Amino acid sequence: MKLLDADKLADLAATLVAAGYRVVAPLRDAQGAVRLQVWSPGAAIDAAAIPANSAKEFLFPSTETIGRWSLDGGDFAPEPVRPAAPRTVLLAVRPCDVAGLAILDAVFSGDCRDAFYSARREATTIVALACSTADAECFCTSVGGAPDSAAGADAVLRPADGGRRFVLEPVTEKGAAVLKAAGATLAEGQAALDTSAEVPERFDAPAVAEWLGSNLPDRQAGFESPLWQDLGLACLGCGACTHVCPTCHCFDLQDEATRRQAVRLRNWDSCALALFTAHASGHNPRPTQVERWRQRVMHKFRYFQERFGSLACTGCGRCGRLCPAGVTMRATCAEIARAASLLRRSSRSGCEGRKADAK
Amino acid sequence: MDLTDALRADAAAVLRDGRARLVIGYRAGEDRPASPHPGWATPRQSRAPAFVSDPARVDVLVYDASCRQNLAAYLKKPEVRARAPVAVVAPPAVMRSLVLLAAESQVTDALVVLLAVGEGVYHGVLDIAQTAALLREKYADLAPAADLVRRIEELSRMTAEERAAFWSAEFARCTRCYACRAACPMCYCTRCIVEKNVPQWISTAAAAHGNYAWNVVRAFHLAGRCTLCGACEAACPQDIPLMLLNATAAEEVAREFGVHPGYDPAEKPLIGSFEADDKCDFIK
Amino acid sequence: MAQAKTQNAEATGAFEPRLVAFVCTWCTYAGADLAGTSRLSYAPNVRIIKLPCTGRIDPLFILKAFEGGADGVLVSGCYPGDCHYTSGNLHARRRWAIFRRLLEFTGIDSRRLYFSWVSAAEGRKFADLINEITALVRAAGPFEPASPARRRPWT
Chain A
1468 MKLLDADKLA DLAATLVAAG YRVVAPLRDA QGAVRLQVWS PGAAIDAAAI PANSAKEFLF
1528 PSTETIGRWS LDGGDFAPEP VRPAAPRTVL LAVRPCDVAG LAILDAVFSG DCRDAFYSAR
1588 REATTIVALA CSTADAECFC TSVGGAPDSA AGADAVLRPA DGGRRFVLEP VTEKGAAVLK
1648 AAGATLAEGQ AALDTSAEVP ERFDAPAVAE WLGSNLPDRQ AGFESPLWQD LGLACLGCGA
1708 CTHVCPTCHC FDLQDEATRR QAVRLRNWDS CALALFTAHA SGHNPRPTQV ERWRQRVMHK
1768 FRYFQERFGS LACTGCGRCG RLCPAGVTMR ATCAEIARAA SLLRRSSRSG CEGRKADAK
Chain B
2 MDLTDALRAD AAAVLRDGRA RLVIGYRAGE DRPASPHPGW ATPRQSRAPA FVSDPARVDV
62 LVYDASCRQN LAAYLKKPEV RARAPVAVVA PPAVMRSLVL LAAESQVTDA LVVLLAVGEG
122 VYHGVLDIAQ TAALLREKYA DLAPAADLVR RIEELSRMTA EERAAFWSAE FARCTRCYAC
182 RAACPMCYCT RCIVEKNVPQ WISTAAAAHG NYAWNVVRAF HLAGRCTLCG ACEAACPQDI
242 PLMLLNATAA EEVAREFGVH PGYDPAEKPL IGSFEADDKC DFIK
Chain C
19 MAQAKTQNAE ATGAFEPRLV AFVCTWCTYA GADLAGTSRL SYAPNVRIIK LPCTGRIDPL
79 FILKAFEGGA DGVLVSGCYP GDCHYTSGNL HARRRWAIFR RLLEFTGIDS RRLYFSWVSA
139 AEGRKFADLI NEITALVRAA GPFEPASPAR RRPWT
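Chains as they are written, first to last, in this note's numbering: chain A, 1468 to 1826; chain B, 2 to 285; chain C, 19 to 173.
The set of hints was computed from the structure by calculation and includes no laboratory data.
Take every hint as true, because none was put in to throw you off.
Listed next, the in silico EDC-like pairs over lysine to aspartate or glutamate satisfying Cα-Cα at most 20 Å (straight line): (1) C:82 <-> A:1723; (2) B:285 <-> C:100; (3) C:82 <-> B:196; (4) B:139 <-> B:65; (5) C:143 <-> B:282; (6) B:197 <-> A:1722; (7) B:197 <-> A:1719.
Since we're looking at a predicted model, the values are computed, not measured.
Go ahead and model the full structure; you've got the sequences and the hints to work with.
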């Protein structure tokens, strides 16, 4: 086994930097908040805390130039724009974040290949960190993930010996290359893997997906259900959940120009914002937060599955941790699952000719 | 009767007798896990909001020190206004926001009634005028946290270059999620300045000059209208110390114009009015 | 404006500040005009933008000027009581006090932002003011490209 002392993550980062990688790791700042950031010598790596941001910004940045034109001297000449894609190791990212990248891959590297995302994706090696702690907002196990999953990773750091060490396990060739580059920072030896974090199931995701897609008469479930009136009430309509979500990928194209240069920018957008679906005519098909929250849930738990075959939520829980109004995908899905089970119970009883039990 | 019982009793009463069709308050129940953010002037986490329209369900309502979200922000939402009259559980910050919204003609007594609360005390069911009177009587000395004042003074003693470097680093984290705007009861424009693109006054890219313009212009648009409730800073997923900006503007406004917003539903808007003796010592 | 350089700068290579002045039509612009017709010399570093009234000046104009390359900004209009639109300058006065404080607090040196009242009869005052401000901004140096307010080239 290749072993790394738990307090030597910074040494590993330094070695990888010396080998030519850019290293992104969970860093603790002066105020005590932990975020995935580009590591530089002296920065403190904190693998124990769940970082506030996801890894997506290192593959899909919050703003990016995707086109450039020179307007100098009356000309209108396109200039080449090459995506910045330094060789990068995403170090100690949680399995839920890694799973998020698979969703982004489907969108940006699927039937339509985005040159910018793909260049960065190819240049990136993912070293996951298996979770030995989780909190009440985590719900990876409800959406097909697991705190110790290596799915999508190139290598995995597994906590061992009571948190004193990591076992670094290669999964792909890219991961093996990182182990090789790590060289002497890794020791050879044996260690006992720690038990993984426990993340109890919070809701029945298949039941949620079924309820979302159902077409029952009298609006008992699905798109037309009156339940959305309550589910969307607390949402204030900002983009915080969207920006921290590892799978959200909507963007806005903006052109900016001076007299000498024009650029086309790709900026993060959010379907939670009021003007996201505003038409030039003034009509807005999602006029209130009720429709907008419904869309977020439907997209992640129904539409994306229909198109790409997987849920577009990895249960990382960031939306819940960071929402200023206490709204969480976890609680919304739990509500829907409750409504779904009530429906099943009443329809079963109906078949048997009896009234449904009151909940 | 203790605070919670009195609050719940009145919430049920206003729903029953039609003074309200919806009660917005704070929800008892599961504690939210420790936020990844320690927060700056305002601790980040708050009890989540509760929306009650059935008098039998008022037992979900509580009020304690962890109830920090500014519920007045919900009065912006058309789907909430459609359920008028709305009763709002209102600690002093929310009381001030609602009085200020009334001064700006955004809420009226027909739309909102307050279930006024303070630290460990329940003040009863109040209309806007009564709320303003209560604020002037009992909560007139609301001042920004000492720590905030100290940090503003520290920054003010630095050179302009040092301050530019400080704010450069802080604004670099802004991703333009607009949580600050959404959480603020006074940011109620249906089309915000940043959403106007003929011309595009403020770059929407999360780059230096756009982030600077956004945060400074928002602070400016709130000058004289900010009650320092801290909702913006608590909402920011990137821990940007927005209260430093708002408190600086608020301090200038208080010192130069004697304005303390949110205590008088008939107060004149700061930027929309003027006095003959307004400060002009800086004008050449 | 980025290409504009004064003869001085080309000759000596020294830093020449670029100033933007937002002025009202009826007082300060007329005053500047008077400076011109009186053949009063003032520093050529300033670009004058004429608006109907200082009340029309959104603080965003000041920000855009700094964003776009200005090293210093002047905002100037009628004296209180003389506004062609009665009270536009009185509204502006409050905005300036607050915005000035915010800009200073966020790192835009107060040596770069000036406000003044210049009447239509004060050609001399306008010329002296521009000379004074140009010297002050020259002493303050170029507005840092690293300032968060300055638009940097898109990479």
